[in-house]
Amino acid sequence: MSETPVDAAEVKHVAELARVDLDSEEADAFAAQFAEILEYFDALDEVPEVDTHEDLVNVMRADDIEESLDQTAALQNADETEDGFFKGPRVS
Amino acid sequence: MTAKALSEGELVSVIGLEVHVQLETDTKIFCGCSTEPADGEAPNTRTCPTCLGLPGALPVVNEGAVEAAVKVGKALDADIAEQTRFHRKNYYYPDLPKNFQITQYDAPICADGSLEVSVAGRRREIGIQRAHLEEDPGSLQHQGGSIDTADYTLVDYNRAGTPLMEIVTDPDFRTPTETRAFLAKLEEVLEYLGVFDAARDGSLRIDANISLIPEADVGEGGSIDTDALASANRTEVKNISSHKGAEQALAYEVTRQKNAVQRGRAVEQETRHWDESRGITVSMRSKEAEKDYRYFREADLPPLSVRGWRERIDIPELPDARRERFREAYGLDEESAAKLTSTKAVADFYEDVAGRFDPDLAATWVADNLLGELNYRDMSITDVDHRLEEFARLVELVDAGEITTKNAEEVVLRTMLDEGDDPDAVIDAEGLGTAPDEEVAVAVGEAIEENSDAVADYHAGEGGAINFLVGQVMGKTGGSADPGDVNELLRERLEE
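Keeping their order, the protein sequence lines are chains A and B. As numbered in the numbering used here, residues 53 to 144 make up the first sequence, in order. As numbered in the numbering used here, residues -9 to 486 make up the second sequence, in order.
Treat the hints with care, as some may be off.
[Claimed, not checked] 30 Å max Cα-Cα, derived DSSO-like pairs, lysine-lysine: (1) B:88 <-> B:281; (2) A:64 <-> B:228; (3) B:79 <-> A:139; (4) A:64 <-> B:88; (5) A:64 <-> B:79; (6) B:228 <-> B:79; (7) A:139 <-> B:88.
[Said to hold, decoys possible] A few chain B residues that don't get close to chain A, going by computed Cβ distances all over 12 Å: (8) 195; (9) 210; (10) 369.
Think of the hints as simulated: they come from the structure by calculation, not from any bench. Here the structure is a predicted model, which means the values were calculated and not measured. Don't be surprised by glycine CBs; every beta carbon is placed ideally from N, CA and C.
From just these sequences and the hints, can you work out the full model?
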């Protein structure tokens, strides 16, 4: 399915975009794992054609206001908060 | 292209804009949270699992946002795509909690439009490459320093998910001034459509692309050689939030790039940040290239097929057409017609008043008096839109001669705006109703009797004497007499 296997350099690049710090050993390890994962996708090529549902189109909702979460509920999964804000590291 | 080649001839700037406008819907683009900030609202009080990007939450497109987009497309004379779909633009930044923005990529809802602007009396048609729907990110506060030096970041997702339309122009601008004129025109059109509120904070955000190319590469009629444009290094200026800001940022860039070329340096292809307070652009480290966004289909949103809506959805008469009609129907000059169509609210009010009273009088009252006094108070017609009937009543009183123009302008209108009173109340309180003829006649008689010196001067042919006597009568009537009538009456009595 995947024409170009994921190599260590690509893993590093995507990790940087995602602000994840990987050393080269980790990058190699993930590259190998990606290769395995992508092999599983090849199995999809063997799935026979089946009838599909008709494609959906124009699924929309009316412009009507629904109740939002209150602030406490909105923040309840956050590790850190301050004055009602989500709090995170510097993001330059 | 080398710096040397560039420096050999005159340079021309080639500018294109990406304009992000917030669409005025009641709810966010993919969930039912309100888009209307409450006064002094607390952070993270208009969110739900969808706009917080919680696992399992599903976006559903807001029909109102799609309608607004179709209206924009229609007003920009653009094609509405037979099928339009959404993509995920992947980037890791906490202003969007999902780590991607839902936007449109290869099948935008609108494409191939144009907007005509007038710059210094010259008509220019600006091509609209595309216009697409996307979600607004949330807002960040960098605490304890600037973006680079902050200790930490605070995030508020109230704005996240507000519907945005990104309107991308062709590189059709040649001067920063043209971009300013275009933005003003675009805002005017969007406002007429009722899909945009310029007064809302952050409702307009602009990125501008600018390159300099040799004048020799500009063809007849202003067409640009595409190879020349492709080979010129382009700067993208971000963080512009006003018409004036666009003009200033681009003027700065033109000068900066010309200076670089003159010093024999190449212009870097880069992204720059407009620092409005310092009036300069600064280089921005850009981590992502186009391919790094790894756009892919948003599988949670089925495609839209809304080309037919173009016929179904009506849009109001647009500013240019309305201006022309005002000139013809009401005999207005160009300046008055422009003022009276500057916003839809003003134009609607003018038509209402002009239909009921004398159109000329209505034009003076709406274009000059009302807008002038509002402007003086840093207000606009939307600040008084619930009181328009009171202003119409004032025009009615002037039209019927029940109050003098001078008093209506200088006392009643100003008191109405400053104190919030209705015109009849102001007139009663200030005793400004036009003085009955008998009262004026009595005052004229008194003035003649009490000022024999002035009367003698009048008979001796001194021109100033009559003005003095008019002033006396005006004083006695509390300014409620018509000075022209008083003048006439005095002359009649003095010649008896």
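Which hints from the list above does the structure break, by number from lowest to highest? none
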